[in-house]
Amino acid sequence: MSRNDDSLASEAPAQPLLKVRGLQKHYPIKEGILRRQTGTVRAVDGVDLDVRSGDIHAIVGESGCGKSTLLETLLGLEDPTSGTVAFEGTDLSSLSAQQQRQLKSEIQIVFQNPESSLDPRDTIGQIIAEPLALHTDATNRQIDARVVSLLDDVGLGPDYYGRYPHELSGGQQQRVAIARAISLNPTLILLDEPTSALDVSVQSKTLKLLGEIKDEYDLTYVMVTHDLSVVRQFATDVSVMYLGNVIETAPVEALFESPKHPYTKALISAVPVPDPHYDSQNDITLPGTVPEPSDPPSGCRFHPRCPVAAEECSEAFPEFEAHGDTHVRCIRVAEAESLGPVAQDNRSESPSATHTTPEDD
Amino acid sequence: MSDPVLEIRDLETAFDTSAGTVEALRGVNLTVGAGERVGLVGESGSGKSVTAQSILRLIDSPGEIANGSITLNGRDLLGLSSREMQQVRGRDVTMIFQDPSTSLDPVYSVRSQMVETIGHNRDVPDSEAEEIARNYLDLVDMPNPDRVLDSYPHELSGGMKQRVSIAMTLGFDPDLIIADEPTTALDVTVQKKVMEIFKDVISEEDLSVLWITHNLGVVAEFCDKVAVMYAGEIVEYGSVYDIFDRPTHPYTRELLRTIPNINRPAEELRVIEGSVPHMLDPPSGCAFHPRCPDAEPECRTMRPEQVDGDHHEASCLVHDATEQ
Numbered sequence: 001m002s003r004n005d006d007s008l009a010s011e012a013p014a015q016p017l018l019k020v021r022g023l024q025k026h027y028p029i030k031e032g033i034l035r036r037q038t039g040t041v042r043a044v045d046g047v048d049l050d051v052r053s054g055d056i057h058a059i060v061g062e063s064g065c066g067k068s069t070l071l072e073t074l075l076g077l078e079d080p081t082s083g084t085v086a087f088e089g090t091d092l093s094s095l096s097a098q099q100q101r102q103l104k105s106e107i108q109i110v111f112q113n114p115e116s117s118l119d120p121r122d123t124i125g126q127i128i129a130e131p132l133a134l135h136t137d138a139t140n141r142q143i144d145a146r147v148v149s150l151l152d153d154v155g156l157g158p159d160y161y162g163r164y165p166h167e168l169s170g171g172q173q174q175r176v177a178i179a180r181a182i183s184l185n186p187t188l189i190l191l192d193e194p195t196s197a198l199d200v201s202v203q204s205k206t207l208k209l210l211g212e213i214k215d216e217y218d219l220t221y222v223m224v225t226h227d228l229s230v231v232r233q234f235a236t237d238v239s240v241m242y243l244g245n246v247i248e249t250a251p252v253e254a255l256f257e258s259p260k261h262p263y264t265k266a267l268i269s270a271v272p273v274p275d276p277h278y279d280s281q282n283d284i285t286l287p288g289t290v291p292e293p294s295d296p297p298s299g300c301r302f303h304p305r306c307p308v309a310a311e312e313c314s315e316a317f318p319e320f321e322a323h324g325d326t327h328v329r330c331i332r333v334a335e336a337e338s339l340g341p342v343a344q345d346n347r348s349e350s351p352s353a354t355h356t357t358p359e360d361d
Numbered sequence: 362m363s364d365p366v367l368e369i370r371d372l373e374t375a376f377d378t379s380a381g382t383v384e385a386l387r388g389v390n391l392t393v394g395a396g397e398r399v400g401l402v403g404e405s406g407s408g409k410s411v412t413a414q415s416i417l418r419l420i421d422s423p424g425e426i427a428n429g430s431i432t433l434n435g436r437d438l439l440g441l442s443s444r445e446m447q448q449v450r451g452r453d454v455t456m457i458f459q460d461p462s463t464s465l466d467p468v469y470s471v472r473s474q475m476v477e478t479i480g481h482n483r484d485v486p487d488s489e490a491e492e493i494a495r496n497y498l499d500l501v502d503m504p505n506p507d508r509v510l511d512s513y514p515h516e517l518s519g520g521m522k523q524r525v526s527i528a529m530t531l532g533f534d535p536d537l538i539i540a541d542e543p544t545t546a547l548d549v550t551v552q553k554k555v556m557e558i559f560k561d562v563i564s565e566e567d568l569s570v571l572w573i574t575h576n577l578g579v580v581a582e583f584c585d586k587v588a589v590m591y592a593g594e595i596v597e598y599g600s601v602y603d604i605f606d607r608p609t610h611p612y613t614r615e616l617l618r619t620i621p622n623i624n625r626p627a628e629e630l631r632v633i634e635g636s637v638p639h640m641l642d643p644p645s646g647c648a649f650h651p652r653c654p655d656a657e658p659e660c661r662t663m664r665p666e667q668v669d670g671d672h673h674e675a676s677c678l679v680h681d682a683t684e685q
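One line per chain: the protein sequences are A and B, in this order. Numbering follows our numbering, with no gaps: position 120 of the first sequence is 120. Just add 361 to wherever you are in the second sequence, counting from 1, and you've got our numbering.
Chain B with its partners taken away, still in its complex shape (with noise of 0.2 angstroms):
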């Protein structure tokens, strides 16, 4: 693989609360190439949102990245002054919001909020950036840019928000985009269409996304590489293939069991025993061995080797990702 776009090392991310110390984040590998689409995977407090905002640094007080190193095409992002941190997000690493409300401001019209932030992030003049996102605007499909960029946010539906969202977050030009839970609140064939656009926008423009989501479907159809998270760790990592055809981490096997498949009749529906661990205070060894159907004696005091987050790979004791 080339240089990577994004390198995360060893991260560990924890907020204090009066209750005590909750690990977010226990020691997370992880690497995007230029050009990969990876999937981060996991339910409800599993770290995956934590992941993203450690990134970019948003972790604010009484949270704190306790650990690790983050790289972005080379550069120390931990080690940046937050002036410099202000610089790297918008210009190098944009993020794309479940609600595409949250990034576009009710009181400007899209075409002031386009040409500002164009503007600003690629140094251009007005002119220029209104081009820019005329020309994304078309990318993603908006069948009247003109239109569009003379409208207001409230004026258009989800869908098109969203696809808005994701032309200026293109305009940026940036080396990497966060995209977390882009889709899911939208209708399931808007979410094609958007999916659909967003893929061939990446492809054309040879861009690097994390992609966070829960949905399985989404990361089969949209993703190279995967990470699936548990309990603050990615439990597995590997190509979209390895993942849905050769799961390793006992988590990874009960959940694609577990969700249920359009393409399937009905069948006993299955379950994972047990439920998602406190971060407050995770089970000692390995998080997943209370609800582990194959744990033996020794997963509940020894914790499993992280992943490196380059190649197939489980953090798992009993089960390696080399022997499947």
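This is chain A alone, in the form it adopts within the complex (with noise of 0.2 angstroms):
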């Protein structure tokens, strides 16, 4: 799999691919006869967000931190409330209808569960043919063999042209679902939980045909995700959300490696290890529960929940500060050093004497 390991490019001043600037979704809350507004659901709530050319960029947070709205608000489902999205330098809220639709096979998306997306009373062939039908010229003939090199792509054979989707697994599904995605060539690529509705064996042949895919088309992913073992195996960088902000960027290795904020090392460390050696005494696990995006909290969004919240932190929401490659919403960050497994967890250099994974014998 290519990874983008040409970590200056941060630091050239290219244009990302995609940038976002302080993008906000509200929703208004409307109750009684009248339907008034009532109150406000601050699902995305300024979020900045730079995605480079080539990058598997992860979100990461959990349900209700606003990742699917960023998601949809991204795709042009959603009008954002504030703030800007600029795909390619241009700011998307400037175009015209006609501008909009074109680049709308620019970007595409591929959901979670490929049983929904698929029309059930279509054919494999007519579900991977119609985005070509409405965007290209192509003749039928052009787009039949076009449709046939996409099946191959995605590892189906041309026998599965006439099949129906429920006759297809959840896992040949998905590759239905991301032949279509690539049909019109498309620059960027959303990602809305690819792997989770799959079963293990199928999902690393899923990210697996995800990575030859964007190789060979030259894509940039942006994956909404929960699973955060697949995105240390997949992703380039990740943002971590937290009641609709994005609270750290890293590149994934930093993330993993050292993570800052004392919200991203309680989510590293609520993962369950496969390992049955290892030590969970460290672990973080959180007071409390995530507040409604209806009434957040003032100041740092996390501070009632955070371990080593200061006074100062339920005054002001932090701007991002960098730390090496790691951009974090927190000014505690010298303190929360000492948090969680992942600072003694350094297997490189201290492997436990019976630590044995399967590679092992």
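Read the hints as simulated data drawn from the structure, not as lab findings. Errors might be hidden in some of the hints.
To be verified - Quick partial rundown of chain B residues pointing at chain A, CB under 7 angstroms, derived from the structure:
no.: 1; residue: Ser405
no.: 2; residue: Asp548
no.: 3; residue: Tyr602
no.: 4; residue: Asn624
no.: 5; residue: Val632
Glycine is no exception: its CB is placed at the ideal position from the N, C-alpha and C atoms.
Hints are included, so try docking the two chains, each in its own frame, into the full complex.
Structure (structure tokens):
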């Protein structure tokens, strides 16, 4: 799999492919017979995000953190309340309907549940052909040839052309969704939990395919997921969201080797480790639950649950601060240093004597 | 080991469909000892949920338990009348589901549901049942049991609902808990909390648990013993250390190599070639042979012996667990 190891690129003034600034998406809460607005759900509440060309940028967070709303806003399914989304330097809100339509072929999406994203009444061939018929001038014959070659690209034979979605397994359906997403040669593909509904052995195959497709089609991925293990194995960059905000952004290895934000640390340490020798003693268990996005806490959104919060954390939401390649919205990074298992878990230097992995035998 | 709580022998469950017979379970042996936490892992269609349904005798027509025995604390469950079985479910064996909403009735308050079911299962008056309910809500770390008792399911978050359903299950004082992916639908930080609470309560109450999951991380953190299922069979059984340190069956090995590990830097993604067989027409010999990197010619024709389900063993003609 290709990784964007060219970390110097982040220093270069090169234009990011996708540049999001201060993005907000609020939903009104309306109550009573007059449908008066009684509150606001701040689903996305000021997100900054840079995605460089060739990145696999993972957006992680738990239910209600706003990651799906962010994706919908990026895709243009939702109009932002405020803030800007620039794609290849062009502000999306400044585009005419015609231009936006054109741009739609540049940005595609693959959803979590392939079964519900594929029309059950259409054959696989029709499903993949649809965007080609809508957005290109290709003849039917050309479209058919393209569909067969797309099927081949995602590892499905031409005999799948006439089949229906229900005849396919979940992994095969996801391959069809991927084929449809790449049919118009997009630049950016948004992946919404692309492997969450799949079995583990199918998951790894699907990720491998996504890696191959990315190289072949020269793609950039923005992937929303809650599965941090997949992120570590697949992504190049990670943004962690909490309650409508990105609170930490870093290259993937920096994020997992040296997470800065206390929430990021808690999130990583909550993932069950497939190793019975793993010592979970220093894992962080967070008190309380995520507050309602209609009534977020003052200051840093995480401070009521934060193990190292100080008085001033409730006063102002910190701006991004750079720590090496990591950007984090936290003023207690030094105090959070000793938190969690990551600091003590330095396997490469001191592998525990009892630690064996399947590869060892 | 002391007398097992649950003992399954040669269990075969099949479903008659218009296309033919689906052999969902093909001779399963499994033992759950007192106070043991046994993980049943496998991918979709491997038979792990059918195993749970068979234990509870919830296999409906056209499905049928065709062969074998299931013994709970020495009692043959397959010989019980449906009325007797009704009492076993809930009183002796209870199940926690992936989606807690399915075990909570949306139109009744948590109080009336917990009091009624606990009272019924334990044969105690309402006041005592409510006291038990409050105790267990406290045990699963619900900050304000009285407020929870007054609430309706929709007023609770997913993690709280799952804790209520765990508390309710514990209130039944069962001999065996079958947990079917109880934390899969929860966020990771919530999952962690629920798992820690569940683990504490289980050791405190010395309960036996059969934990069905596809998540090997959850298994490593929660279980003492692991049974790996593939195509309706347990292909390997052993302690959690046996399975993770000395995996013997090629499927177990491949599965462990395939799962992404959050504690390891990215490496080349590994995949298991081929796909899970359809149980209408399982492969001859060892069901894993078409995908097995170590398959020998005899694997195509000879079916390996099933594991006993009480010590580290792999159902494989090529590899022997004792040589690991």
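Consistency of the hints with the structure:
| no. | hint | in the structure |
| --- | --- | --- |
| 1 | Ser405 | holds, 5 angstroms |
| 2 | Asp548 | holds, 4 angstroms |
| 3 | Tyr602 | holds, 6 angstroms |
| 4 | Asn624 | holds, 6 angstroms |
| 5 | Val632 | holds, 5 angstroms |
The structure agrees with every numbered hint stated previously.
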